[in-house]
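Put together the whole structure using the sequences plus the hints.
Residue numbers (my numbering), protein chains in the order written: chain H, 1 to 208; chain L, 1 to 208.
Nothing false has been slipped in among the hints.
Identical chains blur together in the list; that is why a pair holds if it fits in one copy or across any two.
Simulated pairs of lysine-lysine, DSSO-like, Cα-Cα distance not exceeding 30 Å:
#1 LYS50 - LYS130
#2 LYS45 - LYS133
#3 LYS60 - LYS130
#4 LYS130 - LYS199
#5 LYS21 - LYS130
#6 LYS60 - LYS21
To be clear, the hints were calculated from the coordinates, so they are not data collected in a lab.
Number of protein chains: 2
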Amino acid sequence: MILCDIGNSFYHYYREGRIWKEPSNAAPKTLKPDKGEEIYYISVKEPATKRLLELFPEAKNLGDLLYLDTEYRGLGIDRAVACKALQDGVIVDAGSAITVDILQNGMHLGGYILPGLQRYRNIYAEISPKLDKAIHYDVSTTMLPQNTADAISYGIITSIVCLLERTAKNKRIFFTGGDGPSLARYFSHSIVDNSLVFKGMLNILKER
Amino acid sequence: MILCDIGNSFYHYYREGRIWKEPSNAAPKTLKPDKGEEIYYISVKEPATKRLLELFPEAKNLGDLLYLDTEYRGLGIDRAVACKALQDGVIVDAGSAITVDILQNGMHLGGYILPGLQRYRNIYAEISPKLDKAIHYDVSTTMLPQNTADAISYGIITSIVCLLERTAKNKRIFFTGGDGPSLARYFSHSIVDNSLVFKGMLNILKER
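Listed below in structure tokens is the structure:
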């Protein structure tokens with residue numbers, strides 16, 4: 001069985017614990033199922049889905065089987081499927097946006113969206129050339145900044161960390177996405193896991 | 001005596017408690033001192049300063065007299081002068097950037113910089129058209145969001161408010177700048193005061 005998470009930039013694949021990816025703006029090249037091997041996918045990118053289905057018309061959309069207990073309207077399929085990976089905890093997906101979702105007893109309690117770290121950095125540069133500074137991921141979140149570069153890194157990191165701490169309280173925080181590790185280091189009880197979506201997909205299959 | 005705060009967009013004036021402004025990209029038109037009346041200014045915009053000094057060569061730069069007890073390197077003159085307005089408290093200047101400065105017994109303990117509210121809104125729109133939503137200033141900071149628009153407003157507002165609460169603890173928070181009132185409403189012990197810079201200028205004159 002092969003699982004495929006079709007994102008805006010990549011096809012992400014999972015097969016027996018192995019994870020790999022390839023660009024989703026062209027037809028899949030590295031997806032080679034054995035004869036009769038099942039393919040399940042979820043997708044946020046329609047043209048990439050079409051390209052997959054042209055090669056593998058028998059691939060099944062797991063989004064059709066998804067049931068998540070939530071009041072949230074407009075939850076992206078990738079966020080919803082990652083939520084199926086756990087019963088309790090906070091999921092932080094740190095990419096071009098940072099999405100945060102809260103689970104309790106398998107129920108999705110709600111979530112929120114912050115700008116991605118690189119996007120924060122860009123806004124400062126747009127406000128003034130004086131504020132065009134790289135983010136320091138070793139900035140102290142307890143000492144007050146004493147120069148412009150630290151003032152910016154502190155503003156970005158501490159505003160995010162403060163809110164995540166308030167959200168998580170004593171829940172575990174699962175970080176995923178490209179900037180997951182950069183944020184996870186500020187939390188002692190954090191877990192970095194880039195397979196949350198696949199774990200969610202496996203759980204959806206189990207629930208059938 | 002007339003005080004003048006020369007900003008990137010406006011000349012801001014103060015005379016006996018009255019405050020007014022005019023664009024700083026042209027020569028001052030509304031500045032009409034009495035014979036022998038003193039003019040003191042601070043400035044972050046050199047060309048606008050020149051235009052003022054051409055008309056009023058006797059105007060004095062109060063920046064030359066400023067002494068602020070701080071370790072911070074690169075503090076803008078407008079932030080530094082506002083700091084002279086108080087002995088204890090937190091100053092939040094919410095404009096195109098949100099600057100935060102902390103004072104204790106007249107000493108500046110440090111500060112940090114967040115993007116301005118309108119800038120936050122713009123980043124989301126840049127990430128995805130689906131995230132192009134106006135900020136709701138009535139979003140609850142205690143209830144978890146259940147839709148995209150609330151998820152964005154909550155992300156922006158609550159990440160800022162959470163950090164400001166942590167910074168201020170039991171200190172008073174003084175809000176200034178165009179978005180000051182929008183943020184002040186989230187704090188029970190907040191003060192909105194658009195004359196902080198002028199109060200600081202008056203204190204510098206007293207200290208001479």
